[in-house]
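**Student:** What follows is each chain in one-letter form.
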Amino acid sequence: MKRRDRFHIPSKYILAALTFLCIGTMFLSFLTDFDGGPLNTVSNYILIPIQKGINAAGAWGRSRVDDLEDLRAVRSENEALRAQVAELTLENNTLLQERYELEDLRELLNLEEEYSELNTMAANVIGKDSGNWFDMFIIDRGSNDGIQVDMNVIADGGLVGIVTKVGPDWAQVRSIIDDMSNVSAMILKNSDLCYVRGDLEMMTEGTLQLNELRDADDEVEQGDKVVTSHTSAKFHKGILIGYVNELTMDANNLTKSGSLTPAVDFEHLTTVLVITDLKQQVDAEATESE
Amino acid sequence: MKRKIVTALMILISFLLQSTVFKALSIGSISPNLLVVLTSSFGFMRGKKEGLWVGFFCGLLEDIFYGRLLGMHAVMYMYIGYVNGYFNRIFYEEDIKLPIFLISVSELAYGLGTYAVMFLMRSRFAFFYYLWRIILPELVYTIILTLVFYRIIYTVNRRLENSST
Chain A
3 MKRRDRFHIP
13 SKYILAALTF
23 LCIGTMFLSF
33 LTDFDGGPLN
43 TVSNYILIPI
53 QKGINAAGAW
63 GRSRVDDLED
73 LRAVRSENEA
83 LRAQVAELTL
93 ENNTLLQERY
103 ELEDLRELLN
113 LEEEYSELNT
123 MAANVIGKDS
133 GNWFDMFIID
143 RGSNDGIQVD
153 MNVIADGGLV
163 GIVTKVGPDW
173 AQVRSIIDDM
183 SNVSAMILKN
193 SDLCYVRGDL
203 EMMTEGTLQL
213 NELRDADDEV
223 EQGDKVVTSH
233 TSAKFHKGIL
243 IGYVNELTMD
253 ANNLTKSGSL
263 TPAVDFEHLT
273 TVLVITDLKQ
283 QVDAEATESE
Chain B
96 MKRKIVTALM
106 ILISFLLQST
116 VFKALSIGSI
126 SPNLLVVLTS
136 SFGFMRGKKE
146 GLWVGFFCGL
156 LEDIFYGRLL
166 GMHAVMYMYI
176 GYVNGYFNRI
186 FYEEDIKLPI
196 FLISVSELAY
206 GLGTYAVMFL
216 MRSRFAFFYY
226 LWRIILPELV
236 YTIILTLVFY
246 RIIYTVNRRL
256 ENSST
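Quick mapping for you: the protein sequence lines, in order, are chains A and B.
Using the working numbering, you'd call the opening residue of the first sequence number 3 and step up by one each time.
Using the working numbering, you'd call the opening residue of the second sequence number 96 and step up by one each time.
Chain A with its partners taken away, still in its complex shape (with noise of 0.2 Å):
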């Protein structure tokens, strides 16, 4: 006891300390990429075994409780149905949004755009956001799988989000109804763009902000497919994100805003998809091969 007096530093110092290093750190987030960088490692080994474990658990209770509602062939063909039907949401998706580009294109003699085949991969969610203000979630795949930031996220042939972190063994995944999310969409039957962006105050009815559409000839109705659009820096074009539910015209009475359902139950997700092809690289790899 005597020796941890001598050493005794009043609180208030740490308090100072601890304030001045976190306002460094946030403003160096802030200001550059730093993400943590080693944190990310350490509270890897740590945390995520155990929150694999409880999920894993998790699912293990809830296989159990539906093996009593129903047989379990009739499941595990469903669920291979379902993956059908997202891969085949996600394949007419490319096919409709091919068509209505090759209308605009083939007059256009050079302009050869083709699809390259995204790769995907599989991963669980196996954290939400602690906080009830922002929807994040983690999922166990991370760096050592080939995840980086900026890879888009999917799931039931639908836009999730973007990965925005990565540690060993995890990444963080930015929802499109997050409050900060800002996505370049456009309009699928006649490609005006617009933007999708998450709002709290919104996310009760399960909707999302539509903003800045065009829409010169009033052709977009409810019910039209909203995709990601090709200007987008990050998203990959074509992605489903939603359907029209509402629009109202702005009062610059020059663009239209209002409402979008997503196509994707983000209150049960417990599977993705994330596209590992960065929307930069597959614009490389194009570049090159022409």
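These aren't lab readings, by the way, just hints derived from the structure by calculation.
What you are looking at is a predicted structure, and each value in this text was computed from that prediction instead of being measured.
One or more hints might be untrue.
To be verified - Quick look at which bits of chain B chain A covers, simulated, 3 or more residues with Cβ under 8 Å:
1) 142-149
2) 153-166
3) 169-177
4) 186-196
5) 220-231
Said to hold, decoys possible - The calculated DSS-like cross-link candidates involving lysine-lysine, where the alpha carbons are at most 25 Å apart (straight line), are:
6) K97(B) - K144(B)
7) K54(A) - K118(B)
8) K236(A) - K191(A)
9) K99(B) - K14(A)
10) K227(A) - K258(A)
11) K99(B) - K144(B)
12) K258(A) - K191(A)
13) K227(A) - K281(A)
14) K144(B) - K14(A)
Idealized CB from N, CA, C, for every residue including glycine.
For chain A, the structure is supplied; the task is to place chain B on it using the hints.
**Tutor:** Here is chain B on its own, set in the frame of chain A:
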């Protein structure tokens, strides 16, 4: 040393429960905040210094996994722990009113702080919406949780104190 290990374990367990089990038990997409309960309890049970360290590490964990700015939650929880430490002097073990009161105020401060830093700064002015939709439901849920978890934290703390003296 034993005390530090047990405290660290409690922080880890709380964080894990918070991001997995409690999210599954959320009502209307609102889940309680166990980390505030833990930080606040350590503050008034063990004093300013321990309160601020526990708060710092709780916040840091949240920042690493779910934060945007590293250190933001750490600062917030740290001050919650530190301020609760001032009430260490008037804390009596038998009384549950003071803990409930302090934890509620801490939770409210946490909610208002988050709103001010993350939403008001981005010109989201619908304060009452956020108050009714998020801050108050979270507060109520956390108080209910406190009735259960405070006993556990308190018992662990008592055991540690008895074994160290």
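**Student:** Of the numbered hints stated earlier in the document, which are not met by this structure?
**Tutor:** 4
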